[in-house]
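From first to last, the protein sequence lines stand for chains A and B.
Counted the way our numbering counts, the first sequence spans residues 1 to 426.
Counted the way our numbering counts, the second sequence spans residues 427 to 852.
No wet-lab data here; the hints were simulated from the structure.
We put the beta carbon where it would ideally sit given N, CA and C, even for glycine.
Misleading hints may appear alongside valid ones.
Stated by the list, open to error - No more than 35 Å apart at the CA atoms, straight line, and that leaves these computed lysine-lysine pairs for DSBU-like:
no., chain 1, residue 1, chain 2, residue 2
1, B, K691, B, K805
2, A, K157, B, K783
3, B, K694, A, K202
4, B, K637, A, K211
5, B, K628, B, K654
As the list claims (entries may be wrong) - Derived DEER-like restraints, expressed as beta-carbon distance ranges:
no., chain 1, residue 1, chain 2, residue 2, range
6, A, Q241, B, E541, 32 to 42 Å
7, A, K112, B, F593, 45 to 55 Å
8, A, L199, B, Q748, 51 to 61 Å
9, B, R526, A, L199, 54 to 64 Å
10, A, T20, B, E541, 34 to 44 Å
What the hints assert, rightly or not - Not the full set, but computed from the structure, chain B residues with beta-carbon under 10 Å of chain A:
no., residue
11, A584
12, R588
13, Q667
14, T699
15, I708
16, Q766
17, D819
Number of protein chains: 2
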Amino acid sequence: MTAELIFVGTELLLGDILNTNAQYLSRRLSALGIPVLHQCVIGDNADRLAEALRLALTRSDLVLTTGGLGPTKDDLTKETAAAVCKKRLVRHKESLDAMRAYFSDKGAEMPKSNEKQADLPEGALVFPNSNGTAPGCAMETDGRFVLLLPGPPREMKAMFERSAVPFLRRFSEGVIVSHSVRTFGIGESAMAERVSELLDYKNPTVAPYAKNGEALLRITAKAETEKKAEALIAPVLQTVQDRLCDVIYGVDVSSLEEAVVALLKEKKLTVATAESATAGLIAKRLTDIPGASEVFHCGIVSYADKIKARLLGVERETLQKQTAVCADVAAQMAIGALRQSGAYIAVSVTGLAGPGKDEHGRDAGLAFLALTDGACVWKREVHTGHTEDDCRDYNRTVFASNALHMIYQYAAAFPNKPAGGKPLSV
Amino acid sequence: MTAELIFVGTELLLGDILNTNAQYLSRRLSALGIPVLHQCVIGDNADRLAEALRLALTRSDLVLTTGGLGPTKDDLTKETAAAVCKKRLVRHKESLDAMRAYFSDKGAEMPKSNEKQADLPEGALVFPNSNGTAPGCAMETDGRFVLLLPGPPREMKAMFERSAVPFLRRFSEGVIVSHSVRTFGIGESAMAERVSELLDYKNPTVAPYAKNGEALLRITAKAETEKKAEALIAPVLQTVQDRLCDVIYGVDVSSLEEAVVALLKEKKLTVATAESATAGLIAKRLTDIPGASEVFHCGIVSYADKIKARLLGVERETLQKQTAVCADVAAQMAIGALRQSGAYIAVSVTGLAGPGKDEHGRDAGLAFLALTDGACVWKREVHTGHTEDDCRDYNRTVFASNALHMIYQYAAAFPNKPAGGKPLSV
Numbered sequence: 001m002t003a004e005l006i007f008v009g010t011e012l013l014l015g016d017i018l019n020t021n022a023q024y025l026s027r028r029l030s031a032l033g034i035p036v037l038h039q040c041v042i043g044d045n046a047d048r049l050a051e052a053l054r055l056a057l058t059r060s061d062l063v064l065t066t067g068g069l070g071p072t073k074d075d076l077t078k079e080t081a082a083a084v085c086k087k088r089l090v091r092h093k094e095s096l097d098a099m100r101a102y103f104s105d106k107g108a109e110m111p112k113s114n115e116k117q118a119d120l121p122e123g124a125l126v127f128p129n130s131n132g133t134a135p136g137c138a139m140e141t142d143g144r145f146v147l148l149l150p151g152p153p154r155e156m157k158a159m160f161e162r163s164a165v166p167f168l169r170r171f172s173e174g175v176i177v178s179h180s181v182r183t184f185g186i187g188e189s190a191m192a193e194r195v196s197e198l199l200d201y202k203n204p205t206v207a208p209y210a211k212n213g214e215a216l217l218r219i220t221a222k223a224e225t226e227k228k229a230e231a232l233i234a235p236v237l238q239t240v241q242d243r244l245c246d247v248i249y250g251v252d253v254s255s256l257e258e259a260v261v262a263l264l265k266e267k268k269l270t271v272a273t274a275e276s277a278t279a280g281l282i283a284k285r286l287t288d289i290p291g292a293s294e295v296f297h298c299g300i301v302s303y304a305d306k307i308k309a310r311l312l313g314v315e316r317e318t319l320q321k322q323t324a325v326c327a328d329v330a331a332q333m334a335i336g337a338l339r340q341s342g343a344y345i346a347v348s349v350t351g352l353a354g355p356g357k358d359e360h361g362r363d364a365g366l367a368f369l370a371l372t373d374g375a376c377v378w379k380r381e382v383h384t385g386h387t388e389d390d391c392r393d394y395n396r397t398v399f400a401s402n403a404l405h406m407i408y409q410y411a412a413a414f415p416n417k418p419a420g421g422k423p424l425s426v
Numbered sequence: 427m428t429a430e431l432i433f434v435g436t437e438l439l440l441g442d443i444l445n446t447n448a449q450y451l452s453r454r455l456s457a458l459g460i461p462v463l464h465q466c467v468i469g470d471n472a473d474r475l476a477e478a479l480r481l482a483l484t485r486s487d488l489v490l491t492t493g494g495l496g497p498t499k500d501d502l503t504k505e506t507a508a509a510v511c512k513k514r515l516v517r518h519k520e521s522l523d524a525m526r527a528y529f530s531d532k533g534a535e536m537p538k539s540n541e542k543q544a545d546l547p548e549g550a551l552v553f554p555n556s557n558g559t560a561p562g563c564a565m566e567t568d569g570r571f572v573l574l575l576p577g578p579p580r581e582m583k584a585m586f587e588r589s590a591v592p593f594l595r596r597f598s599e600g601v602i603v604s605h606s607v608r609t610f611g612i613g614e615s616a617m618a619e620r621v622s623e624l625l626d627y628k629n630p631t632v633a634p635y636a637k638n639g640e641a642l643l644r645i646t647a648k649a650e651t652e653k654k655a656e657a658l659i660a661p662v663l664q665t666v667q668d669r670l671c672d673v674i675y676g677v678d679v680s681s682l683e684e685a686v687v688a689l690l691k692e693k694k695l696t697v698a699t700a701e702s703a704t705a706g707l708i709a710k711r712l713t714d715i716p717g718a719s720e721v722f723h724c725g726i727v728s729y730a731d732k733i734k735a736r737l738l739g740v741e742r743e744t745l746q747k748q749t750a751v752c753a754d755v756a757a758q759m760a761i762g763a764l765r766q767s768g769a770y771i772a773v774s775v776t777g778l779a780g781p782g783k784d785e786h787g788r789d790a791g792l793a794f795l796a797l798t799d800g801a802c803v804w805k806r807e808v809h810t811g812h813t814e815d816d817c818r819d820y821n822r823t824v825f826a827s828n829a830l831h832m833i834y835q836y837a838a839a840f841p842n843k844p845a846g847g848k849p850l851s852v
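Could you build the full structure based on these sequences and the hints that come with them?
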C-alpha cells in the first residue's frame, strides 16, 4: 500500500505560495503507516492533471489531491478526477444545504457560482468541509482510491483529520511511532558520531537533523501496535539518552522555549530579560508559549547605549572602554534587569547580529551573554561563524537560543546550582 | 522552453522538512520568464529518481534537481542523473581543492567520504558552492539540460543566484516584471472589489493575496524587455494607487516593519515600545531590519501588571478597575515608555492573545493600542476575530502589525500631524 500526493494550483508553480500541505500530509500519512513515494505539483490545467492522475494510478494505491475544488472556472480537479475515474458528477443535496448554511451564518447569500461545489462523483464518500464551502470526497476506481481535498490549509487539515483519517485507517499497515530527542550545544555531526552505530538500524531508525544551530535525533519505529513500536524504541532511546545526557534538553518537546517555560514552572522560578542584539526575540520566544506569564514578567530591550546606562545601570565607562559588545556589559545588563524586574534570575545578550563588521572590525556572529541570580553571574561568549550578508536572522536566533539554554541549565541545576561564580559554560 | 523541478530527499516524503526550495525556485524561474509546469518529490531511491528524470526529459527542456549531492551513500542524485544522461563521473580537481579549503578554514581535515562530492559528470559546467562542500553542475543531454543543485536552502540559493541564473538567462523568453502593492487595514476581498475589473487583465495580471491580516496586490507583466514590461505596468499601478491610496503603505517593500523603519529614518523620528500581549514582537520586528538602531533605542516588555506599574507608571487603580487589557492602560503604557526612553514617540499594546478567554470572559483576539508623542495620545482597539485553539501566533502578529501601522501613520503625517488629540484611527 503506497500513496501519492498531487497538489493542484498554478500559484504553487509560480511560487506565490509555500506548499505547507505537502509537509502536513506527508507527515500524517507516514504516521498512519502509509508510505508516500511520490509527490507532484500540477497547475490548473485539465490535461496535465489528467496525465498526472493516470500515472499516479499506475503506481500508487492511494492518490490524494489538494486544491482545485473552488467555485471558479480555474477549479478543475473534481471534473478531471471524475473523468479519469469514469464517474459522473451528481449534485449532492446535503453539501448544497451545508454550503447555504455556511453563507447564511455569515449573513450572506450564496452566489450561484458556488453551486457547482456540491457536484460530486457518483458513488463517492463525501467529506464535509467544516471550515469552508468545498466538500471533498473519496472514490474507488479499479481497486485504487482517489481522495480529493481542498487547497486552503485550514480547510484541508480539518477535513483530513475528521474524514480522511477514519477512511484511511483501513489501509494502515501497522503504526509508526516517532520520538524526537532535542539537544543544544553540539553540532549535528558530533552528535551523530556519538551514536554512530545506531544510525544503521532499520527498525527503529535513528536519524539526525540540524536546524538553526540545534541538532536533534528522531527515533522512528514501525510495528503492528503502538505498544510494540514503543517497545522497539525504548532501549534505543535509553542508549541515546545515556550518550547525549550532557546536551539533551528535551524529548518530544517542540522547542527550547517550551522546555524552558516548563522547567521554570516546575522549579517555581521567574526570569527577566535584557536584550540588545536580540532586541525582544528572547521575550517573544518565551511568550510564544501559552502560560509564560507565570515565569516571565519583564523584559528590557536596550538597543542603544544610553538605554543600557539609563534603564539597566550599565556603567558609561565600561561602555566607552570596552564597547557595548563585551562580557562586562552583558553582566551589568543582567544585573540591571534583575534589579528592575524583581525576578529570580535575569539573562542578557549583547552582540553583533550583522550584516557587516562593527566599527572595531569585529565580525558579525559574536555575542556575550550573562545570567545572574543576584549572588553569581555566569557568562557565555558565542561565535556563530555566520558573517554572510543574510546572517542577521540566523545570528539573532542562535544568540536567543543560547540565552534560553543558559536559563535551562540554571533551572535544571536548581536548587543544586553550581557554587560561587563557577561559570555554567563560557 | 519549459522547466521541471525534481526535489530529492526521503525527508521531504516523510514531511520532516518543509520544501521551501520549491517556492524559491518556482518564483525565481517564473521571474526569469521560464515557465515551470511540473514539480515532483522523490525519495533517496535511485530507481524512482531515474524514472522521474527520464519522464521529465520527455516533456521539459530544463530539469532542475535539488538534494542528494552529499557525501553519504544515501546521496544518489549525481550518480543517477549521470547514468540517465549517459555521462561518466570524473574527479574535478578545482572542486576538491575548494572543499579542502572549506574544511581547513574551519580548522578541520576533510573526511575521506567527502571526496566523492568532487566527482562530476564529464563535460558538465560546474557550479561552485560558496556555502558548503557539494558543488552543483549543468549538463546537456539530447538538446535538453539537467541542473543539479544542493538541498540545503542556504547552499542552493547562493549557487542558484551566482551560477545557475547566468546559465539560465539564455533560455529566458522575455522578462517577467512584478510589483507588489502592500496595504494594511483592509480585507483581501474589499481590496479586490475596489480594483475588480483589473483582476481580469491578462498582461499585466493583477492578483490579490492575503497573509497574516494584510492584503497585497501583485501586478505582473511579461514583455520582451524590462522597459516594455514596466510600461505595461505603469498605468495599472497608477490606477491601483489611486483606488487604494488610503490603505497602501508601500510598493515593493518586503514588510510593514521595513516601511516603518525607512519612514522613521526619513522623518528623523525615534520610537520606543511598551509591549504586553506582543511581549517583544514589535521590538523584534523593528530590529529585523538592519540599521533599525537609528530609529529604535528602547523597548519595555511589561508582561505582568506589577511591571506595568513599576517601569511604566501605569496607575494601580486603573489596572484594578479596568483590568490590564483596556484603552487607558495602553495609553499609560505608551506615556511611560516615552518618559523612560526619551524617544520622540512611543507605542504600546495590551491584549488577549489566547488561547482561551480571559478571567472576565473576554475572547482572545482583543487588544488595545496607543501611540503618543507627549502632546497627544492616539488609541486603537483591535478585534482579530480569531479565538480558535491555535490563534495565539496569529493574534500576536496582527496586534504587532497594528502597532507598526500606527507608527507608520504617525510618521507619514509628520510634521503635518493631526491636531489636538484627534485619533488616527480607532
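Status of each hint after checking the structure:
Between B:K691 and B:K805, the direct Cα distance comes to roughly 23 Å. Compliance with the 35 Å bound is thereby established for this hinted pair. For a cut-off of 35 Å, the pair hint linking A:K157 to B:K783 stands: about 24 Å separates their Cα positions. At most 35 Å may separate the alpha-carbon atoms for a hinted pair to count; B:K694 and A:K202 exceed this at roughly 62 Å. Between B:K637 and A:K211 the CA atoms are separated by roughly 25 Å; this keeps the pair inside 35 Å, and the hint holds.
The suggested pairing of B:K628 with B:K654 holds, with an alpha-carbon distance near 15 Å, which does not exceed 35 Å. About 35 Å separates the C-beta atoms of A:Q241 and B:E541, a value consistent with the hinted range of 32 to 42 Å. With their beta carbons about 50 Å apart, A:K112 and B:F593 fall inside the hinted range of 45 to 55 Å. At about 59 Å, the CB distance of A:L199 to B:Q748 agrees with the hint of 51 to 61 Å.
The hint said 54 to 64 Å for the Cβ distance between B:R526 and A:L199, and at roughly 26 Å that hint is violated. At about 37 Å, the beta-carbon gap between A:T20 and B:E541 stays in the expected band of 34 to 44 Å. Because the beta carbon of B:A584 sits about 8 Å from the nearest beta carbon in chain A, less than 10 Å, this interface hint is met. A least Cβ separation of about 12 Å between B:R588 and chain A goes past the 10 Å threshold, and the interface hint is therefore violated.
Because the closest C-beta pair between B:Q667 and chain A is about 22 Å apart, greater than 10 Å, the hint is violated. Because the closest C-beta pair between B:T699 and chain A is about 7 Å apart, less than 10 Å, the hint holds. A least Cβ separation of about 7 Å between B:I708 and chain A falls short of the 10 Å threshold, and the interface hint therefore holds. The criterion of a C-beta within 10 Å of any C-beta in chain A is met by B:Q766, whose closest approach is roughly 6 Å, and the hint holds.
Hint status for B:D819 relative to chain A: holds, with the closest Cβ pair at about 7 Å, below 10 Å.
The structure shown violates the earlier hints numbered 3, 9, 12, 13.
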